[in-house]
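Protein chains: 2
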Amino acid sequence: MTKMKTASHDMAGLETAPTLYVENGGIRFAYRQLGPSTGTPLVLLQHFSGNIDAWDPAVVNALAVDRPVIAFDNTGVGRSTGQTPDNIAAMARDAVTFIDALGLPKVDLLGFSLGGCVAQQIAAEHGRLVRKLILVGTAPKGGEEHLLAVLQDAFSQTEAPDPRLPLFFTKSPASQSAGLAFLKRVKARTEDRDTDNGKAVTDPQAKALITWCATPDPDRALSRAISQPTLVVSGSHDTMLPADNAYTMFKAMSNAQLMLYPDSGHGALFQYHHLFVSHVQTFLEG
Amino acid sequence: MTKMKTASHDMAGLETAPTLYVENGGIRFAYRQLGPSTGTPLVLLQHFSGNIDAWDPAVVNALAVDRPVIAFDNTGVGRSTGQTPDNIAAMARDAVTFIDALGLPKVDLLGFSLGGCVAQQIAAEHGRLVRKLILVGTAPKGGEEHLLAVLQDAFSQTEAPDPRLPLFFTKSPASQSAGLAFLKRVKARTEDRDTDNGKAVTDPQAKALITWCATPDPDRALSRAISQPTLVVSGSHDTMLPADNAYTMFKAMSNAQLMLYPDSGHGALFQYHHLFVSHVQTFLEG
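Line order of the protein sequences matches chains L and S.
Residues 1 to 286 in my numbering are what the first sequence lists, from first letter to last.
Residues 1 to 286 in my numbering are what the second sequence lists, from first letter to last.
These are computed hints drawn from the structure, not numbers from a lab.
No incorrect hints appear here.
The list treats identical chains as interchangeable, and a pair is accepted whether it falls inside one copy or across any two copies.
Restricting the straight-line Cα-Cα distance to at most 35 Å, the calculated cross-link-like pairs of lysine-lysine (DSBU-like) are:
no. : residue 1 : residue 2
1   : K171      : K251
2   : K251      : K187
3   : K207      : K251
4   : K171      : K106
5   : K171      : K184
6   : K187      : K106
7   : K171      : K187
8   : K187      : K199
9   : K106      : K207
Since this is a predicted model, take the numbers as computed values, not measurements.
Using the sequences and the accompanying hints, generate a full structural model.
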């Protein structure tokens, strides 16, 4: 187990911070750490197919003003070694292996989409490790997903400059405009960018997410096993993992707040990044 | 039409501010005004049976730090004259008469429960008058209500020190404790308290609220007619006007944010007053 580097990265943003590496359990994990060195770290769990540079600097850097924020590639993703597993339980184990490698006894988790499933699994199983939980654009076990149909549709829109425009934003001019601004932000880093993911990552990830939603959990046992304060966020018109999932999780969890945003899709947290950051700050500080 | 008094009440709280009066349309309206004299005023629309002193000073005074906040008694309520009408449309007309009496060209509205129905009606009909809308513990036209059953149950709990404990809070120790703190706050004003309401107020109010929910609006025409940015808030376990109403309004409205709070009833805004104020401030400033 390698200890977290202690150099201060207070002034760096996601676009400029160096990519660091830590080894544990036979995996060499790539990560970036932002913000102050004290306070409960917020660990980010990324969406299907995303790497560290798929996070929005507007969200990550703003959250890192008040707390350590850590973005990382889970096993096999981006520049982390190993084979990406095809199930959420293994992804959760690997994420805990990464957190342990940094020697962090207590963290907050922000899981987006696939990362939200992983975050739920960790929170349910590791009550002492997770202080607070933020779930964005995600689904409970046994939830509703339209992943393959929506992905197919998005990638068929060859005129779109990036599949994330149709996938993460609605068709309204306001949402599309926010989408273009988001793309500009995530592409701002030009040197030492993370490695794009191919089918060796996305195939098992798709299987993990689809299996998660296809596995019945009629009593919502997993949601009910999460006792940490939780903030559940979704866009009104998320086509891949509909907002009904968020309402379902809210109702099953004992200590969740629900926030739904208007005229927004899967990328609601990027579209309303000021609002989202404000809500997350209020939640984490409360 | 009488102009709003211009004396500064910046330093007064709801518990200490003088009760003012303004006449328009044959009604003498009682009100209190808090906060600075500049900025878009936030007008509060009160719940079934409530008067000015039923508002929580912790909410009202905190919101008044940054903006004018006006609490008033609508027609027939508390110390306002006239006969309380038995329908939401007339209550909305009366509220606009009051706002006109103060010479306010543009306001934000915070409507709680019955007041939320009135606020929706005003926002839908007076697009220019209402800048932003906050709907708490309320229902759309044609929504779900369990008013009479829940009231009957609450008033049968004779051991409760105040019917608002079982009506506004859940049975959990945390919620009941927040309820006792709320009761202490709303009872802090000892002089010049508003007049309690009897059946001449509550009978027509109950009829108005029940009729509102019993009037079908299958296409959600009223919700869809509201174009103002709207914040919809509800407690997870509101027994009188369930949280499903909030989700229904959010989905029908074009520009609404939804916030649901855990382990809370009809009085979620009082139970989580710090959180609610933070969310309202973020919403109004955004």
